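Novice: Going down the list, the protein sequences come from chains A and B. Residue numbering for the first sequence follows the working numbering, starting at 17 and increasing by one per position. Residue numbering for the second sequence follows the working numbering, starting at 122 and increasing by one per position.
The hints are simulated quantities; they were obtained by calculation from the structure and are not laboratory data. Predicted model, so just to flag it, every value in this text is computed and none were measured. Treat the hints loosely; a few may be bogus.
[Unchecked claim] Below, simulated BS3-like cross-link-like pairs (lysine-lysine); rule was C-alpha separation at most 27 Å, straight line: (1) A/134 x B/469; (2) B/127 x A/164; (3) B/456 x A/197.
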Amino acid sequence: MTKENILRVCDATMQFGGVVAVNNLNLEVNKGEIIGLIGPNGAGKTTAFNVITGVYAPTNGAVELNGKRIVENFPQGKMKQLYKGQNNGKYTKSHLLTPDKITKLGVARTFQNIRLFKNLSVFENVLIAKHMHAKGNIFSATFQLNRKEEQRMREETLELLVLLGLEKNKDDMSTSLPYGKQRHLEIARALATNPSLLLLDEPAAGMNPQESDELMHFVGRIRDDFNLSILMIEHHMQVVMGICERIYVLDYGTLIAEGNPETIQNDPKVIEAYLGVDD
Amino acid sequence: MNKKTKFICTLVLIAIGAGLLVFIDQATPSSAMIRSVLQLSAIYSLAAVSMNMLNGFTGLFSLGQAGFMAVGAYTFAVFTIPVASKPTVYYLYGVADALANVALPPAAGIVVAGLMAALLAAVIGAPVLRLKSDYFAIATLGFAEIVRILVASSVFNRITNGSLGLKCIPGFGSYYTPFIVVFICIAIIVLLMNSTYGRAFKAIREDEIAAEAMGINLASHKQMSFIASSFFAGISGALMAMFLGAITSTTFPLMLTYNILLIIVIGGMGSITGSIIASFLVTFAKEWWLRFLDVEHFIGDFHVPLLRTGFRMVVFSVILMVVVLFWSRGIMGQKEFTWDGLYGFFRKLKNKRQEKSPVGGGAAND
Ligand SMILES: Nc1ncnc2c1ncn2[C@@H]1O[C@H](COP(=O)(O)OP(=O)(O)OP(=O)(O)O)[C@@H](O)[C@H]1O
Ligand SMILES: [Mg+2]
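My request is simple: use the sequences and hints to build the entire structure.
Specialist: Below you can see the structure in the form of structure tokens.
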């Protein structure tokens, strides 16, 4: 069986002023895979997510989705002189997309520091994610000319909440949920955009071993139920090693290792990178 | 409460409001204060709700309200002043040839006023909406001042009549006109805010980055909100012109924007019902209840200190400061008035009473 490629990050470099946060990153996610992205604090993992989702324009390099190049950039303006990365000159086009366009192409994400719509209910939080699929314009929506659409959005939202066990909380304020459920809600909201690729930024952060174990099964389940490919940043080794098929390791913005959990666990460079930082 | 009871309750409430208006219209002499204060309150409600769409619902802190109202008011005036009155109005500079024989019916004038304000919002929106919050506020404020300067400038003498302003603007056809127009406009705004677009606006207010990650295009949605808000601001400006009968560039000073801003802060940023309630409270207080503060009073021989022209505004400002300091979320916060909310409120009140007086049971008494 040949693997169908979903996401390919090509030589992506993200430089902030003089700081190279991501350096020449090459990364692939194939259909149905759960891929881990790990590395010590400040390694550039979240920055890599931000490049993939269009929050940042890469300084150099490209992002491909389903074999189509969606983002490409090269050092321009002041960056021409400042650029410290590699592959200068390999990319010559500048083609950027805003995050909403990338979401529409089927990439959804969660955030490291939960970013729910705070003053809105759980139900509304998920319902908002259905907005991008609405076909009506602002007039037909206001004057309810297309009631079926609104009704369909509400039904789908409710279905999703039931599936994720959040239906009891549907009228609660999103911030009144316990921490673990807020993380689930963020995932529910991401799923509501009908993604084919889901990016999870430390979904198990702040969870105890039992909770993170549950989360691990949950991630596996949604991959199957929603036909997803998943790229996740995670610090809990137990989660990463337990569920990811392949793992990428970043350190100081540079990829230092890549492979299946076993290879990674025994890679001396990885051990050094982690020993150098925490216990 | 089920849907039907709520619907009936709402109808009853509207009927009571309408009945009250008819009663006031019939029972008071045409010079009564309450008549004009009610009309002014209604106009302020629309101005406040339209500003709240942007500031409270979409989280765009705009200070251009008076500018868009001025555009609406001037557009309305220019297009509706009766042909016969034009020579008197434009006696100094004369009227532009293209306008000499134009006089739209007021209803059409109101719509054109809204459209003109919306068109202007569409033009300035693209550059201005790129700015981050504080700069956006400053840019919209600057826009409002530019509008004021332009309408008074000699370039447009033959359209806006320069610093002389415009008069002989058609008034309201009936006492109820402003209430009906405001009611329709606010009803549309409520529908818009409850639609999927309204939810997208709220998402932008809550968290732009998350909203964008949900597939909401920030630029186009901010633009839509800006245009819609300006459309209704333009209509409120047109109503203001009808109410006053005469306008100049000083009718729409920066102070007007601040007054409306205070109304939405007092009512609650992001609450339509809050804005309406606050519009009536603030307008009644400012235009009527606190008027006595502007007049010198004697109790016997005692000259009551401080009371003189302008003191009303001092007291008013102090009240506002107290409200903003101690009640910063305003009357309604971000909530709307709902029958469920009212029902829950009374239930809580009843429960409290019963706790206080276990004997007798408070419910039977009242
Ligand atoms: N917008 C920005 N401007 C300047 N520097 C930035 C910006 N975003 C990230 N950085 C820098 O890039 C580096 C990588 O940050 P990033 O948040 O990607 O790390 P991370 O791997 O996600 O770490 P953590 O595990 O703590 O979440 C850091 O040194 C950070 O200071
Ligand atoms: Mg991070």
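Novice: Evaluate each hint against the coordinates.
Specialist: Cross-check of the supplied hints:
1. A/134 x B/469: holds, 26 Å
2. B/127 x A/164: holds, 23 Å
3. B/456 x A/197: holds, 24 Å
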